[in-house]
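Which chain is which? The protein sequence lines are A and L, in order.
Residue 172, in our numbering, is where the first sequence stops; the numbers in between run on with no holes.
Residue 102, in our numbering, is where the second sequence stops; the numbers in between run on with no holes.
Hint data in this document are derived by calculation from the structure and do not stem from the laboratory.
All of these numbers come straight from a predicted model, not from anything done at the bench.
Some hints could be false.
Stated by the list, open to error - Footprint (simulated), chain L over chain A, 3 or more residues, beta carbon under 8 angstroms:
(1) 9–23
(2) 52–66
(3) 98–111
Ideal placement from N, C-alpha and C gives every residue a C-beta, glycine not left out.
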Amino acid sequence: MLTDINAILFYVFAALVLGGGVLTVTRRNAVHSAISLIVSLLGVAGLFLLQQAEFLFAVQIMLYVGGIMLLFLFVIMLVNLDQAANERQFNKQWLVALAAVAAVGAGVGYFLYRGKDAFHFAEAVTGLPPGLGNTEALADSLFSEYLLPFEIASVLLLVAVVGSVVMAKKRI
Amino acid sequence: MHPITTFHYLVLSAALLLIGTVGVLTRRNVVIILMSIELILNAVNINLIAFSHALHNVNGQIFAIFVITDAVAEAAVGLGILIALFRNKETVQADEMDILKW
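Take these sequences, add in the hints, and give me the full structure.
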């Protein structure tokens, strides 16, 4: 019964993710693309929740949907996209690009098919050891084992802040 | 109904990766190219979380946090560059930004 509900939820979220993704890359209007991307990101958040990654579920909704997509929508408003919506949407090398993607897809599909038997270990779904919530486990690991990468990430964010401020200056 | 295994998540992640790649390679609008990059990064995150869940190991989720951090930095800088480009060239089409071509 529980596995049935899990399976149904997985397929619902997978449909959201893939449908939103396809709409994102095919829509003419950039605002419609952004809305489809939000649907797709919410589907990904649901998949995180299905796999007991509660902290990342919250991060995905607050940071991606609340932060990055807001940034995208602001830029779409700042940059005049009305003219771009009336022009050709796909570039000239789209046929070559599709062929390249098909080749990559064939490669990935082949590897997945060959490695299929190696993935059956996932069927024992128990999650993390009891007594330790997901957020606590993440924090324990992040602030002990991964302290240096964490600090480097903060420097990266500082660089990004400075960079975007410089880029948005009047004369550059 | 078959139980959902890691394999299902890997197939979904591969499909999302391919959709994002098509978007990056074929669209002309830079805003939508940046959105496609977000799709690719989310495909990576699905993969990481699937393996983190399967192996009962929290390292995959830590890595996903760093991927999200990178995505934020990339979106902020990329959109800043886009605004600067639009001020100077009055276009958002990727194939019209060809000053370096000859």
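We went through each hint and held it up to the structure:
Look at the segment 9–23 of chain A against chain L: 6 of its residues bring a Cβ nearer than 8 angstroms to a Cβ of that chain, three or more, so the hint holds. Here the segment 52–66 of chain A counts 8 residues with a CB under 8 angstroms from a CB of chain L, which clears the bar of 3, and the coverage holds. Counting residues of the segment 98–111 of chain A whose beta carbon lies closer than 8 angstroms to any beta carbon of chain L gives 7, which meets the minimum of three for the stated coverage.
Checked against the numbered hints given earlier, this structure breaks none of them.
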